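Hey, can you work out the whole structure from these sequences and the hints?
There are 2 protein chains.
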Amino acid sequence: MTAREIFEGIRKKDRLALSKGVTLVESLRDEDRSQALELIGLCHREAMQSRRIAISGSPGVGKSTFIESFGLSFVGKGESVAVLAIDPTSSISKGSILGDKTRMEELSRSELAFIRPSPNREEAGGLGISSYEISILCEAAGYDYILIETVGVGQSEIAARYLCDLFILILQPGAGDELQSIKRGIVEIADLFVVNKYDGSFREQAEKTRLRFLAEATRDEVSTREVILYSSIRHYGLEAVATFIEGFYEGKNLRDLTKRRDAYWLSKKLEKGIVELCLKRHRQEIDRIISMIEQGVDDPFPLVRDFLTDLDTASNR
Amino acid sequence: MTAREIFEGIRKKDRLALSKGVTLVESLRDEDRSQALELIGLCHREAMQSRRIAISGSPGVGKSTFIESFGLSFVGKGESVAVLAIDPTSSISKGSILGDKTRMEELSRSELAFIRPSPNREEAGGLGISSYEISILCEAAGYDYILIETVGVGQSEIAARYLCDLFILILQPGAGDELQSIKRGIVEIADLFVVNKYDGSFREQAEKTRLRFLAEATRDEVSTREVILYSSIRHYGLEAVATFIEGFYEGKNLRDLTKRRDAYWLSKKLEKGIVELCLKRHRQEIDRIISMIEQGVDDPFPLVRDFLTDLDTASNR
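As they're listed, the protein sequences go chains R and V.
Following the working numbering, the numbering of the first sequence begins with 969 at its first residue and continues without gaps.
Following the working numbering, the numbering of the second sequence begins with 969 at its first residue and continues without gaps.
Calculated directly from the structure, the hints in this document are not laboratory data.
One thing to keep in mind: the hints can contain errors.
Copies of the same chain are indistinguishable here, so a pair counts whether it falls within one copy or spans any two.
[Claimed, not checked] 25 Å max Cα-Cα, derived SDA-like pairs, lysine to any residue:
hint : residue 1 : residue 2
1    : Lys-1248  : Arg-1229
2    : Lys-1236  : Leu-1005
3    : Lys-1248  : Ser-1283
4    : Lys-1240  : Asp-1278
5    : Lys-1240  : Gln-1252
6    : Lys-1240  : Phe-1275
7    : Lys-1236  : Arg-1084
8    : Lys-1248  : Ile-1097
9    : Lys-1240  : Asp-1255
Because the structure is a prediction, the values reported are computed rather than measured.
Below, the structure is given as structure tokens:
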């Protein structure tokens, strides 16, 4: 299939074509890159109408069940949902963590849903330029919502922040000071806190956690952040989340959000491309210096410093 | 103090001078860089005799108490120990996670110990080129052991692997499949597994965890990895760990380990320097393209692609 054919399929909301497109964009093979770029370009020209929501939280906090119940509520209203589950991979074994566990089973059966685990091997935290490119394909397919699930490990959250309009942090009832301090950066970028598992024996703890995070949410006076109690089992809190989202998008221009996002990710892409070219250009010299160091030099630091000084001088000429 | 004066202090094992040196190396100020490089160069010329051990594990697993009891056992034998505790910082708040918690109190009172939390703000996972440079300062100060504590979050473990000779992974009794799968990459690079908290009500669980990881340790036939039960409270397992370490270093040439380490980190340093220069050289063009994208272009991807193609062509001429 050519990029044009895949694009036509995507425009018709053909999920198989979308899957093929995602695979093409994720491909690390050089020969796929120009096709991938053509496809992304075609998709990007389409109007951007998707609402993009990041869903983050520590492992075990119930992100998948939240996304499933949350996604089903959209689907129930006739709205379509694309879910990109970012799957960080071990840098050694290249093995997938989520593995082939079946997740979001009910949601995945809906015609209105597209679920794609994205084993992005290039980027730290699993979320990177190709996630951005994949999200453009989903936009072109006309999904009303793009939900991006990230594992709460810091770096990927910053990327998710730039990939999405809205950032939801899922919390465990009883999540205490330890979590709070470790996830400080994530707490700060979240637009909405959802305390999950507000059911059964967790209810009281969930309420306590809500109060704790309410203090976070209202710390700066201009903040419009909220803390919502949620239970996937009892279908509790769904409406509050939906209302928050509506309020969030009110008066916001999706086109402006798109431009800001493009600027961020394309500057990343540009920088990455420049870096690759530069390193390629200097590869031989790097290898020569490193092999000298491997053979053993008393003080290898000046070798590195002098090379960089010369390079700087040359580029300023 | 000049780099030379700091160096003289370090050679005399003056911990205040070592602290000053570390601060100098960690400094992000341009004007400190040449002094820092001079200091590192002076230190690197000294014989490298330290044994470098990475200690990793999930938060709460007891890394600090392990290091304290382990460090005290060296100090008890008259051996000196430098502890570098890597402190990942939030990329948003720039706040320190470990904060000002007093840790390793008893060890820190020993004349033979130097403990330094290293809030490295530059690198993902907290462990990077400056950690390597700091370790060189500790070597020049003649520490018998350099213990590098890292929080088990993936990326920093790879860096720790290249910073140290030996990698110890501390485990929680009852650490199950979830931990195993998440830490797959870390499990693979560990030379030694230590199941901590082998005391009180945890004993049975610790034994089960030992058996589970024993399978990991002996998976490949050539492996010389081990699983040791440990209790800081009962001083149990210390000797087994010490014996493992002796065995590990037997027949190994520290000079060779140093050369390999230098080659890795200096190639990182070289690449980082080249990348910074390249981005600086092209900053204006990057900014011009990004501002075009911010103003809104239907298909911004060709802008990026064409720029990179031109750059590639120009560099091949």
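Within a copy, between copies, both or neither: which one fits Lys-1240 and Phe-1275 at a CA-CA cutoff of 25 Å? Both, since 22 Å and 12 Å are each at most 25 Å.
Measure nothing new, just compare the shortest in-copy and cross-copy C-alpha distances for Lys-1240 and Gln-1252 to 25 Å and report within, between, both or neither. both (20 Å within a copy, 16 Å between copies)
Should Lys-1248 paired with Arg-1229 be assigned to within, between, both, or neither, using CA atoms and 25 Å as the limit? Classified as between: cross-chain Cα gap 23 Å, same-chain 29 Å, threshold 25 Å.
Indicate which option fits the pair Lys-1236, Leu-1005 if close means a Cα-Cα distance not exceeding 25 Å: within, between, both or neither. within (15 Å within a copy, 30 Å between copies)
Alpha-carbon proximity context of Lys-1248 and Ile-1097, limit 25 Å: both (20 Å within a copy, 21 Å between copies)
First find the shortest C-alpha distance between Lys-1240 and Asp-1255 inside one copy, then the shortest across copies, and answer within, between, both or neither for a cut-off of 25 Å. Result: close both inside a copy and across copies, 21 Å intra and 14 Å inter.
Is it within, between, both or neither when you check Lys-1236 against Arg-1084 at 25 Å Cα-Cα? within (23 Å within a copy, 34 Å between copies)
Homo-oligomer pair classification [Asp-1278, Lys-1240; C-alpha up to 25 Å]: both (23 Å within a copy, 15 Å between copies)
My question is about Lys-1248 and Ser-1283: at a cut-off of 25 Å on alpha-carbon distance, are they close within one copy, between copies, both, or neither? Intra 16 Å, inter 10 Å, cutoff 25 Å: intra and inter.
Consistency with the previously given hints is maintained throughout, with no hint failing.
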